Amino acid sequence: MSIVEFRNVTKAFGKVVVLREVDLNIEVGQVVVLIGPSGSGKSTLLRCINALEEINGGDLVVDGISVKAGRSNVRVIRQEAGMVFQQFNLFPQMTAMQNVAFGPQHVRGHSRAEALEQARALLAKVGLSDRGSHYPSELSGGQQQRVAIARALAVKPKLMLFDEPTSALDPELRHEVLGVMQALAEEGMTMIVVTHEMAFARRVGKRMIFMENGKISVDGDPATLLSNSENPRLREFLQHVH
Amino acid sequence: MEFDWSVIEDAMPALLGGARLTILITIAGLVGGLIVGFVAGLMRAYGNVILNAIAFVYIELVRGTPIVVQVMFIYFALPVLADIRVNPMTAAITAIVVNAGAYIAEIVRGSFISVHKGLREAGLALGLPTWKVLVYIIGPVAFRRMIPPLGNQVIVSLKDTSLFIVIGVGELTRQGQEIMAANFRAVEIWTAVAILYLLMTGTLTLILRITERRMRIL
Ligand SMILES: Nc1ncnc2c1ncn2[C@@H]1O[C@H](COP(=O)(O)OP(=O)(O)OP(=O)(O)O)[C@@H](O)[C@H]1O
Ligand SMILES: [Mg+2]
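Going line by line, the protein sequences match chains A and B. Per the numbering used here, the first sequence starts with residue 2, numbered consecutively. Per the numbering used here, the second sequence starts with residue 31, numbered consecutively.
Treat the hints with caution; some may be incorrect.
With a straight-line cut-off of 30 Å between C-alpha atoms, the simulated DSS-like cross-links for lysine-lysine are [to be verified]:
#, chain 1, residue 1, chain 2, residue 2
1, B, K147, A, K126
2, A, K69, A, K126
3, B, K147, A, K159
4, A, K157, B, K162
5, A, K216, A, K69
Think of the hints as simulated: they come from the structure by calculation, not from any bench. Note that the structure is a prediction, hence the values are computed from the model and not measured.
Throw the hints in and build the complete structure from the sequences for me.
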C-alpha cells in the first residue's frame, strides 16, 4: 500500500523549476534513502510531502490525502508525516521534555500528564532519559537531534522525513543519531531519508533514489546501486561522497 | 554660592507630586503603547498588504516627527479638527501611547522576524495551525528578545514626559520650573529634579537587569 504518491509533481520557485514531473510511490514500511548532488531538489521533494512547500503541478497524496486539499487536511498530513531537520530546530525556550511533550499536548490534544508520560518514554527510547530537564542550548548536537526525533515521533506519525539529519553534526556524534534511526527502521517505520551516510544507506535502506536536476534518475536497491551502478553520474557522485 | 538644603526640603512635596504624575503618565501611556505597538508590529510582520501599509504609515509618521510636535498636535490641533476637548493630562498620555506605540511596533516586528524560520517550520511540521505556532513557539522566543529594547523604551518614554511642560501638565519638570520661577534657586531645584529622574530611571534599569538575568534571552 502506498503511503506517499507523487503524480507528475512539478515545483518551481519563481522561474527556477526544482521538481520536474516527478512520479514516485512509497510503500508503507519502506526505508527510502534519497541522494543526489546539491541543488538537485532533495529537500524540496521532502518538504512537498508535508506541504512546507506548495506544489505547482500534478498531485501529491499522503496517506490518502492530497496536499492540495486545504489547510485542515494539510495539518492532518503533517501529523502523519513527522519531519527531522538538519538544524534540529528545537524550541529553545522549552526543555527537552517540554519539546517532546509539546506535540501530544497541542496537536493531539492529550492532557499535560499524558503528554509528559509519553515524552518520558520517548526520551528513554532515544537514550536521553537523564536529559529531560535540559534546555536545547545545554545539549550536544547529537543529543539535540535525538530530542528532535523524539519530538516528531511524539505526534505518532505514520511516516518520518529526515533532511540530512546528521550533516550538522561532528562525525563522532553521528552514530548516536543514526543508531536511533536504525532502531526506528527496524520497528517498521516508513522513512524517507536524505543523507550522505552511505554506510547507513546500505545497512538500513530498502530503496535508494538518486535525484538529478529535479528528476529521479535512478531508483533501486541500495546495496546494488552502491556496489555497481550502471549510471555513470551516480557512480561519480558516490565517489565524491565516500 | 551656598547650596541651601532647606530649599530642597521646601520644594520636595511639590516635586514628589510632579514625579507621581510623571510615573502615572508613563505607566498609562506605556500600557496603551504596548497594546498599540503589539498590534502595529504584528501587522507589519504578518499582516496583508493593507494592514502592513497602515502600520507602516503610522510608524513612519511618528518616527519622522518630534514628540513635542505630536503632543502639540493632540492638544491644540486635534480639538480644532475634530471638535473635541482634550485636557492636558489626556493629551500627555495619548502622546506617549502614540509615540511609544510606534517605537514598540518596530521592536515587536524586529523580534518576531528575527526568530529563525526553522522554528516556525518545526512547529508547522508537527501539524500546528499558524496561530499556535505564533503564540506558543515564536512569541515566547520573540518576547524574550524584546525585553532589553522595551526596557530602553520605557526609560525613553519616562524622560519624554518632561517635554509635556509645553502643554502645562504638572509633571516633575514642570513643577521644578514653577518653583524655580518663584525662588530662583536653579542649582538646588534642578539638582533635585535630576536626582528624582535618576532614581526613577535607575529603578527601571535595575528591574530590567534582574528580568534579563531571570529570563534567559534566546
Ligand atoms: N525557498 C526557495 N526559494 C528559491 N529557490 C529555492 C528555495 N529553496 C530551494 N531553492 C532552489 O531549489 C533548488 C533545489 O533546492 P533543494 O534545497 O531542494 O536542493 P537539495 O537537493 O536539498 O540540495 P542540498 O544537497 O544542497 O541540500 C536549488 O537550486 C535551490 O536554490
Ligand atoms: Mg537539502
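Hints, one by one, checked against the model:
This hinted pair checks out: B/K147 and A/K126 have alpha carbons roughly 28 Å apart, not beyond 30 Å. With a C-alpha separation of about 35 Å, the suggested pairing of A/K69 with A/K126 is violated against the 30 Å cut-off. Of the pairs offered as hints, the one joining B/K147 and A/K159 holds, with about 25 Å between alpha carbons and a cut-off of 30 Å not exceeded. Using a Cα cut-off of 30 Å, the hinted pair A/K157 and B/K162 holds, with the two alpha carbons roughly 19 Å apart.
Restraint check: the Cα-Cα separation between A/K216 and A/K69 comes to about 21 Å, which is no more than 30 Å; the hinted pair holds.
Checked against the numbered hints above, the structure violates only hint 2.
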